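The task is simple: from the sequences and hints, build the whole structure.
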Amino acid sequence: MVADQPQIQSKTPVLGEKLARWVVFNLILALFPLGTTLFVHSLAGKLSYQVLLNSPEILFLALMVSATALRDLYEASPFLRGEVLYTVLYYALFLGLILAAVFYGLFVLDSVNNPSTPEVRAALFKYANILTVVLCVCSFITVLLLSRIESRK
Amino acid sequence: MSTVELILAIASVLISAFALFASAYAVLTISRGRDKAYRQKYYEFLRQKERVEQRIVDARDHQST
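Those sequence lines, one after another, are chains H and F. For the first sequence, counting from 1, position 77 maps to 77 in our numbering; every step adds exactly one. For the second sequence, counting from 1, position 11 maps to 11 in our numbering; every step adds exactly one.
Treat the hints as calculated values from the structure; they're not laboratory data. Any given hint could be a false lead.
[Stated by the list, open to error] Simulated restraints on C-beta separations:
no.: 1; chain 1: F; residue 1: Ile7; chain 2: H; residue 2: Leu19; range: 20 to 30 Å
no.: 2; chain 1: F; residue 1: Ile7; chain 2: H; residue 2: Leu15; range: 50 to 60 Å
no.: 3; chain 1: H; residue 1: Leu15; chain 2: F; residue 2: Gln48; range: 19 to 29 Å
no.: 4; chain 1: F; residue 1: Val52; chain 2: H; residue 2: Val51; range: 51 to 61 Å
no.: 5; chain 1: F; residue 1: Gln48; chain 2: H; residue 2: Glu119; range: 50 to 60 Å
no.: 6; chain 1: H; residue 1: Leu38; chain 2: F; residue 2: Ala59; range: 56 to 66 Å
no.: 7; chain 1: F; residue 1: Lys41; chain 2: H; residue 2: Arg21; range: 20 to 30 Å
no.: 8; chain 1: F; residue 1: Ile10; chain 2: H; residue 2: Val112; range: 17 to 27 Å
no.: 9; chain 1: H; residue 1: Thr87; chain 2: F; residue 2: Glu50; range: 24 to 34 Å
no.: 10; chain 1: H; residue 1: Arg81; chain 2: F; residue 2: Ala17; range: 18 to 28 Å
no.: 11; chain 1: F; residue 1: Asp58; chain 2: H; residue 2: Val23; range: 36 to 46 Å
[What the hints assert, rightly or not] Here are a few chain F residues that face chain H, going by a calculated C-beta distance under 7 Å:
no.: 12; residue: Ala22
no.: 13; residue: Ala37
no.: 14; residue: Ala59
Just so it is clear, the structure is predicted and the values come from calculations on it, not from any experiment. In this text, a Cβ means the ideal position worked out from N, Cα and C, and glycines have one as well.
Printed below as a string of structure tokens:
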């Protein structure tokens, strides 16, 4: 079976390397904006739950993981296009990305129109967190699947 | 619950459920070993790519001589 594998695959990264890249470049770096916001508020001595409620930066993580997983799927389209799994993952990530962008817009709209609506803000924060966690899971599974397909073994 | 909250909740639940379904489908694919079939497709794609690249190199060599 090894003899059947083309020469070019020696350039492809192994499973662990791809997953480590996903953790570093998607999870950790995408959390930088939120981390910076919290750090600046803590330096100013104004760190509270309200600051977290008013921070839409968690949605950057959702956008980042969805966008990079969509790019990975797009790169795999020459050999995966037409598969049900490819279509389902692609549309789940794409719809999640659109909803994350809509949530970000609602955060901004709420800040402009009526910054003192704690109920709507709390609901936005709650659903944005749920969406972010689900998109992180979906993105991780997508990267895991593509890594298993493309990794040398 | 206001209308905005209701719309947010429905949109979040629907899209999260769809994303979780996609994730579960992918996990099932991996656990059943179906990803090996995709790997064969990937190797076939790489072979085709290599053949095309080789043809381009051969054509360039032919032109230069």
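Do the hints match the structure? See the list:
no. : hint                            : in the structure
1   : F:Ile7 to H:Leu19: 20 to 30 Å   : 36 Å, violated
2   : F:Ile7 to H:Leu15: 50 to 60 Å   : 40 Å, violated
3   : H:Leu15 to F:Gln48: 19 to 29 Å  : 24 Å, holds
4   : F:Val52 to H:Val51: 51 to 61 Å  : 55 Å, holds
5   : F:Gln48 to H:Glu119: 50 to 60 Å : 57 Å, holds
6   : H:Leu38 to F:Ala59: 56 to 66 Å  : 58 Å, holds
7   : F:Lys41 to H:Arg21: 20 to 30 Å  : 23 Å, holds
8   : F:Ile10 to H:Val112: 17 to 27 Å : 24 Å, holds
9   : H:Thr87 to F:Glu50: 24 to 34 Å  : 28 Å, holds
10  : H:Arg81 to F:Ala17: 18 to 28 Å  : 25 Å, holds
11  : F:Asp58 to H:Val23: 36 to 46 Å  : 42 Å, holds
12  : Ala22                           : 4 Å, holds
13  : Ala37                           : 9 Å, violated
14  : Ala59                           : 19 Å, violated
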